[in-house]
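Protein chains: 2
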Amino acid sequence: MSDAYRTLESRFRRLYALREALGVLHWDMSTMMPPGGGAARAEQLAALQVVCHGLLTEPVMGDLLDEAEGAAAALDPWQRANLSEMRRQWVHATALEPAFVEALSKACTACEHVWRKARPAGDFAMVLPPLKEVLALVREAAAAKAERLGIRPYEALLDEYEPGGRQADIDRLFAEVAAFLPDLREAALERQLARRSPIRPEGPFPVERQRALGLKLMAAVGFDFDHGRLDVTLHPFCGGVPDDVRIATRYDESDFSSAIMGVLHETGHALYERGLPPDWRLQPVGQARGMSVHESQSLLVEMQVCRSREFTRFFAPLAREAFAGAGPAWEDDNLHRLSTRVRPGTIRVDADEVTYPAHVILRYRLETAMVAGDLAPADLPGAWNDGMKELLGLVPASDREGCLQDIHWYDGAWGYFPTYTMGAVTAAQLFEAARAEMPEIPAAIAKGDFAPLMDWLGRKVHGLGSSLSTPDLVRQATGRPLDAKAFKRHLEARYLS
Amino acid sequence: MSDAYRTLESRFRRLYALREALGVLHWDMSTMMPPGGGAARAEQLAALQVVCHGLLTEPVMGDLLDEAEGAAAALDPWQRANLSEMRRQWVHATALEPAFVEALSKACTACEHVWRKARPAGDFAMVLPPLKEVLALVREAAAAKAERLGIRPYEALLDEYEPGGRQADIDRLFAEVAAFLPDLREAALERQLARRSPIRPEGPFPVERQRALGLKLMAAVGFDFDHGRLDVTLHPFCGGVPDDVRIATRYDESDFSSAIMGVLHETGHALYERGLPPDWRLQPVGQARGMSVHESQSLLVEMQVCRSREFTRFFAPLAREAFAGAGPAWEDDNLHRLSTRVRPGTIRVDADEVTYPAHVILRYRLETAMVAGDLAPADLPGAWNDGMKELLGLVPASDREGCLQDIHWYDGAWGYFPTYTMGAVTAAQLFEAARAEMPEIPAAIAKGDFAPLMDWLGRKVHGLGSSLSTPDLVRQATGRPLDAKAFKRHLEARYLS
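Same order as they appear, the protein sequences are chains A and B.
If you count by our numbering, then the first sequence holds residues 1 to 497, one letter each, in order.
If you count by our numbering, then the second sequence holds residues 498 to 994, one letter each, in order.
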């Protein structure tokens, strides 16, 4: 092992410890921070980001990378993968000036802060000025990185969340999905209409009981409370760090399923983080592979597993106990039909898996247009509503249910949305492969035993960190490159048969 | 204003933003973090501390300070005070190597983590190895700084908490206190014995009601919940940052006064932080002056104000309402006698103001001996118990009530303890001066109106930040240097008349 590689490891160790600190500060901002703390927090986050950027872009780093790459033959495969991730991050970082990074960080924190007020008020005009500021800076970043990476500006943004991701691949995959999904959705809705409507259990469902049930399910799936927490927030997320994973959800006292499924979704993320290779904790190769794999883990848990008949057999008695539920609304079959009901709606995070891709396709279309400069932020509400009408036949009642619903753009996360549907497709392919290899998985889930599935995911996904590229990871785990066939088979089996 | 000074301001701004981040991470560690997060948090804190240390000790800093000091005539008094605080911090920082700072930070976080388990178990042996490690590093730091500052090693530690503080001054002040306190304590206990014993209200007092009452009192005193929170912890503290002050307390369902007085104490700290000059937020001169002034603010609120007859008139009806209290135990006079009862005990944070100085004198004696190398950590429990016997006639039932009770030494805060009693003495002198200048203060407090007092403190203490030295601040606010006369008058008035 060269001294240069060793030096890089020690420098990245510090960098990642600081990024972990950023993770905790972000968690706090979304769950605990009083409103008046926003300005000070923005300064803290910006200072930390500047320091992180500075560590990555110190002049000596380029030389160290060159030198370590020159001696890469002496490295083992994990070290080589680590080195290659180091290079990738360095290219991203050196594309931007420190002052620019600071300005971008502050603009995002400020915009997100305004969004937290604008969203409940449904007041897009309130957040438009900071959103314009964010987009202008994001476009500048995209252009600078695109030049360095030799890819398109949007891809340069995407690359941060989905390393190696390209628009052509997304377009191909989304076209594959779009080719069967509208018909499948219509067929599923027709079949649903022909059957007895499921009955909604009647609330109210006190927050404390929802929370208690959520905690029980998290524990069953494998969440380790010695290394994590569950809290309340406006927009559900999984944050914190692998040894201290913080998930947060929101509660609706008239409908427990939204919080419960949100908790299970974030638990999927959390188990990925927690299962990352401990020997590589503060190194690039020890991090999650990318957001499509991350989303595959949350969607595998939420969609593939927790809306299955098997899971319902485990879940239904717990739900009846938690809410003293009795009668037809609480029967296994009814609860399962509720959790697999197809119902086109305006809110992405509440969408069923059949309509979800349309939400993502809309956002992908809008954000590529905005990054390209073809759609001005001021025109976003109109374009959003037009797209929603075209794709799902719905018009949001207000921007609160429209273009204000997601935190992403306001927080600077451009190029993130496609990873949701890439994740859904990946989840289907992974779960199909897991069941083929370990046929006992569904029966175990019905008994509340997630160990076989988590064992498979640990070996095939979680424990690999970033040691493989996303395509290689999928190929190694499932025996073939990613396509939408398993996703289609899954939807047909669940919604048409 | 010289360019050098301007550059220093911008560098310190970043440094303080990072220190604020540290403040939030520390708060989280004590209130929210699951136990398994400790190792990762230690890495995060250490990395941040190394970065802070690095910013302060960059080679260019010495030159910038020299240059700015050479052009100091063009600066206004606040800028000059700011520059002088910058120099003080630079001297402290350059006395230590970065690797040493990192080792010290990690050792403290690790030791504190063990202490959190050792304390409830009363198991000093468990925490002895990490405590030895901490002390060894602290002594090394003290020696290095003492050489640079030309003062004694213990004073070099003290100087971090009490800038300019010297052992001779502490010894003189503590001797003044020790000269009258034992007799005063005996007289107070005799007088107390001669009167009807106060009756303790009978619990249990549910945590939620204690918390609600605490929140109400915080608001009355002036705590702004748009800029702060109240949470639960093992060892009460005030943390966070001026625009987002986090206080935390612990609850005892059999006795509400401990949590309530703890909350009021921390509220005194919180209002000082919140009232620091906003124009100097992320500059050295904008920070709290030092720990004796900080403690004076918590003790002024808790001891001087909230155990007065006037406060009891405001507080008693609220307490009766909160806990549905009725009968003799809940009468104003009984509650006041409870809150001013002298009762020698083994726990510092539960001590009354008459016995409190003995706790501090013991710790001061022990920590000066340990720093000097005259007392080994292994001998601490014995020395603690001997000292407690000599000073208060008590022997702790276990180390839990003895040398494990306080977080300070385990967390690396050596040289901090004397500031508690310096603070108590300062609080008496400040409150006496405030009432002399604004005689309406006590009557306002009886009505729950803290505005006149907070207005005075804002002008004389909070808003001054570090623009004056501690002795100058006290002299300017009270008209004379610090002595124990007002403290003696206060104790005599409350406990002997």
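Hints were generated in silico from the structure; no laboratory data involved.
Quick caveat: nothing in here was measured; it's all calculated off a predicted structure.
Accuracy of the hints is not assured; some may be wrong.
Claimed, not checked - Reference listing, derived: stretches of chain A covered by chain B, where coverage requires no fewer than 3 residues with Cβ under 8 Å from a Cβ of chain B:
hint, segment
1, 319-332
2, 444-451
Stated by the list, open to error - Some chain B residues well away from chain A (every beta-carbon gap over 10 Å; in silico):
hint, residue
3, 530
4, 636
5, 666
6, 695
7, 869
8, 937
Yeah, the Cβ is synthetic: ideal placement off N, Cα and C, and Gly gets one too.
Report the numbers of all earlier hints that the structure fails to satisfy, in ascending order. Violated hints: 1, 2, 3; rest satisfied.
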